[in-house]
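Enquirer: This is what each chain is made of:
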Amino acid sequence: MMRLFRLLPLAALTLLAGCTDSVETVELSAPRLLIGKPVDNTAPLGGAVKGTMQQGQSFDVNANVIINAGDTLVIQPGVKINFLGNYNFVVKGTLLSLGTQAQPVYFTVKGLAKTDQPGASPATDPAYQGKWGGILGDVTCPLMVIKWTHIEFCGGVAVVSPVSAGIVNGKNTNPIYFQNPQGVLDLEDSWLYGSTNDMMTILGGRINIMRNTFEKGGKTGGECVNVKSGTTGNIAYNVFIGSSTNGSKAGNGGGKNPQTNVYMYNNTFVHCGYRRTQAGRGGSLNYEEGARGVYYNNLMVNCKYGPRVVGSGNYLGNVLVAADTANLRYGYNLNYVDSLRLANEIYPTNFLTKPQATDLPRPGSFLPVGYRPGQVYDGTAALRQNNPQFVGFPLPAPVQRLSDIAAAGTANFRLGSGSAAIGKGTTSFAPLATSPSIPLSATYGATAITPPSRDLGAYPLDNSGNQH
Amino acid sequence: MFLTLAGLLARPATAQRRAAAATLHGTILDAATGEPVIGATVLLPATQQGTATGLDGTYLLRVAAGPTVVVQVQNLGHETQTRTLSLAEGERQQADFRLKAAGRTLAEVTVAGHLDRESTEAARRTEQRADNVLNVLSARTIELSPDVTAGNVVQRASGVSVVRNSGGDGQYAIIRGMDRRYNYTLVNGIKIPSPDPNNRYVPLDLFPAELLQRLEVVKALTPNMEGDAIGGAMNMVMKSAPDHLVVAATVAGGYSDLFASRPFASFRTNGLARQSPAERNPAGYQAQAGDFSSQVLDFAAVKVPVNSLFGLTVGNRTRDGRLGLLVAGSLQNTHRGSDRLFYHPLGQPNPGNVFTFDEIQRREYSLLQTRAGLHAKLDYALNERHKLGLYSLLLRLDDAQARTIRTNDLGTGGDVPMRRQARLQRQQLWAETLQGDHALLPRLHFDWTASYARATFATPDVTEVTSKNATAANTQQGTFVQAATHLWQHSYDQDLTGAANLSFAVTPTFDITVGGLLRQKNRSNYYDYYNLDAATSGVGTSNQQPFTTYGQARFVFNLDNGLEKSTNGNNYAATERIGAGYAQAKVLFFDKLQLLGGVRLEATRQHYDSQLPDDQVGQSGTIRYVDVLPSLHAKYLLSEQQNLRLSYFKGISRPNLFELVPAQNDLNNDYYTQAGNPNLKHTQADNFDLRYEHYGPAHAQLLVGAFYKRLRNPIEYGFSQSSSNLYFYQPTNFGTATNYGAELVFTKYIRRWGLTGNYTYTHSTITTTKRVYYRDATGSLVTADAGSPTAEYPTAPTQVRPLQGQSDHIGNLALLYKDETRGLDVQLAVVYTGRRLVAVSPYRDLDQWQRATTQLDFSAEARLPLHLTAFLKVTNLLNTATVVEVMQAPTGDLRTAPGQDRADRILVQRDVYNRSYLLGVRFRLN
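Protein chains in written order, with the working numbering: chain Z, 2 to 469; chain S, 58 to 983.
Take every hint as true, because none was put in to throw you off.
Calculated cross-link-like contacts (lysine to aspartate or glutamate; reagent style DMTMM-like; alpha-carbon spacing at most 20 angstroms):
#1 Z:172 with S:671
#2 Z:172 with S:521
#3 Z:172 with S:617
#4 Z:51 with S:672
Note that these hints are calculated values from the structure, not bench results.
All chains should be built: construct the whole structure from the sequences, respecting the hints.
Expert: Spelled out as structure tokens, the structure:
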């Protein structure tokens, strides 16, 4: 479908050209990417691997798998990697996981089914039990490309950290871990399901996180995407549902260069922030500790907190872990809430999120006159305003507790006609161009760095966004 | 002879009262060294009338006049001299004697004769006679001082400052500005291992002061001493067997007035599981929530905690003098505490390296320290030439700490977290030393030592529970249980040491000594912890567990899998083998200039096994090096009362074994990764000392000195790059550091008043790499450090600073009042410790400094009938707080935040200990 839309201008051009001359339309098949030798799947996998996991094959993993520095592993469409226990996929070299819409790649646990009935206790939900570790990039990993790939049930304890830094022995890992500011991390059109803590921890990297679905991130803490210093790039057109804390968070802690600069736009956040017990830690998106960037066109539905900008707060007046507020721009974000407690935190108490005239609901419609960022207010007037009219997710939410739904299931977050989110966004900015730029490539880089859309959230009406 | 002499000494007044027609006076000197002989007996055999020489070797004796007065001078270790004089009535005649050494010369630090080895006089004498630069605190000085542990005693020595434990007592010594790692601790001259799980240095608060005969601070090493000290060595000489029956007992009670303002929090330590669930179950055991209890955190409040102190010393010697035994025991029960205000620094400052913090914590510590010490010293002379000694020491310090930490978590604004921790720390030291002393030939002497020592450390089931008082808007409010942690750590450090020395007196003024030492050190560390979360009916802020009591709080395993954390970087095993040999010679020229010099060779082999995976560099490692350590000590006798010393020695400092293990060893630090460094080099230092000493009459003393140290590869923490895109905050060698200073020690008595004091000036510099977090010309926030050059900092930013722990000015002053007739001793002692660096920040300009402190202590004792003495010790009269600061001006509302009382610096930590009192009675027979 997306390819069709992209071909349209090309076709128009061809038509124009056709008026003057006859030009051949050449369609050549692309060579099958095969790097090194095929990886043998006749016996369970473990240890160093490189080469190609061939299309449609299944691999069982019964020990840590390691792509050595300088080596490349290609995973062809339809490959299924089944973890038989708590092992990690360690990437010191290059990983190219190239699923397709028709034939996604799976990193999962053999024979484990998702249990997504609303209201089930997280204590027993396998999504939060860390059945295997994760895809762990080491400091040497130059390129990690993950497209149309399911990554499920991660976050097991690393008894001995298999990477040279970052992960502490005996602590939980993350589904995706990346830590090379010079490297490229591309995650497109993929599904991350379940984790014990952060779903993605990024301690530096040029990132392109586009059009993915994140479900059940973090058991009692953690974000879906947690970005630290040394990270630049875009997080857009993602659906974050049922994150423990925030969907995406950017900070510049950790002493790496360059400064964290992340653009978060056109994301949809649903029911985030309910498994974190500390107050005020955020429940949608978050900028703190020296991070810069922009966030526009995001759609938040019944999240515990609206966007959290940590600034020179008014708690004893101390500057604590302030975001680089001088270099942070935002607006055009829609926040739909069903309960007063949430309405009172659309602009979180004690933080520096400044209401923007372009926000929905309009600040003037519910904030008191003379409102100062961080002050307590009565948000009654914001209740149930600006219904996004999702195609397959009724609002007001018919559930007793918002925390009961943490997975997408059969929900459809596309915008119905009459949605308040249609046409309320801005396209006045371009995606962040990293330096050097992330290559556009079907195999070695980003398929698409999708530009912003005027329709809020991950599903613009022109279908250029999330394809799930 | 001892008995005769003892009798004589006991009756000097009687002797003087006797009517006499003439006066005999003079000085008794050692023929070889020209030094005054203290305590020599000057005797008239005809009448058994006599006296003993004083501290300056002089004597004064009234005698009956006559044409043939026979005078005999005796002293242990010297040949007896007899002279016949003629004395006219009323005559005042001078008779000086120069005594020749009998047999071999006694070792320099052994105090000869009957002089009480525990006395201040003996201490001064040791200083004067020593071959090298040292300071001595005698048992009598210690007894009189306000101090009950060696950790507090040592701060009275010149050039020494202490690092305090959380109860406010001295724990580690910084000698002449050289931090703990640059010093070592000896017991009776034998190095002892440390119970500390990560470090070599020995916590001095382990040692009850009562067991000390004297404490020596050696500042210049001779070749026969182990070479791994740069600041100095502390030698705790424990009480040794007396010449006659000695029975001494002490009973005291005390109180700390910190607990007038709040109760002392106590908990029962016997309920704590000694072993972690993994240790007491089969391998692979997965712990269950039911394996843990938090009941210990329901602290009991003790309104009036009474300290107690008991000591008993019994010693005797057989009639023939061949067998001597001393057994001493000490038991101290001390309630200490501190109230701390702490601005917990955030791992990364605000741009521009502006100090920032994430929490203001108020911590209340209650410490019950149970300090037990038992030692026995046995010496046996096979015959005149062969002696054996056995020394046993058992020390245990149980430190039960009840901690309550209230936090305003400024990051969230609304939740007020509270932590409670019960932590029992048991440190134990057991040492057995067998020594032999053999006069093989009249001029050939051999001695040997075999020693086993084992130091252990354990913190069984350190229990911590966090709860919070939720006050934030739009959330469930109340007090809720949050999480629990249970931690087990234990370690041991064991030394097996053998040493031998052979000395040969070529001439009375020239001797040669050779010797060697072998030591095998084994160290092992175990670390295991379990993180549990509060059991809830669901998750999130609506389903929290209301807090009732710690005993009723329920927990579940959540993220932690309940398995043993044996791979934590704090689990490691290491060995160290030291082989050393030396040769030294001592020669006296013209009775004036003594030279002692030689060279020591020390070979080191260290090995560790770490928790790194085997596909990384350095999972295990072996490190070898050999040091050649020359030294030369010159002592010039300007006069009988004056010495001039000049010395040079080369010393080293070995890294702590833990520092070599490359495993990452900090938990929960998002900002930088701390790890050991197997490429760490040991520190080598050239040390120069110059000292002038004047020993006046009546114990007066004046020492003036200067020193200079040049350290190659000092060990400091900093950032260094481990590989591309990977850098650690780790112990690193930073080029060369210098440390120089001057010292002054004086003692002066005028009638009943005495004034003693010392002052040390030190100055050191070192340059280390640091981080700078700043906004660059393009408006971006960047970090410059060793791993990441920037436009503004093409090379890593550095900072010049003093060595950690070094104060520019350290001073001690004690005013004493001594009334012999009434048996009253009063002392007022003040210790001044100048500003010093206590924590080195990875970030430039954010080092933490301890504000200069002045501590005032008082002690007094009064003689009572029946061999009793009453004593009173009051410490910290001024309620001196320990204040730690960052040298930055506070801005914004921080200026009015709690405890911020300076416009030019930010308070990071303030500890208040209040005063403590001890009142007791001492019994001493003989």
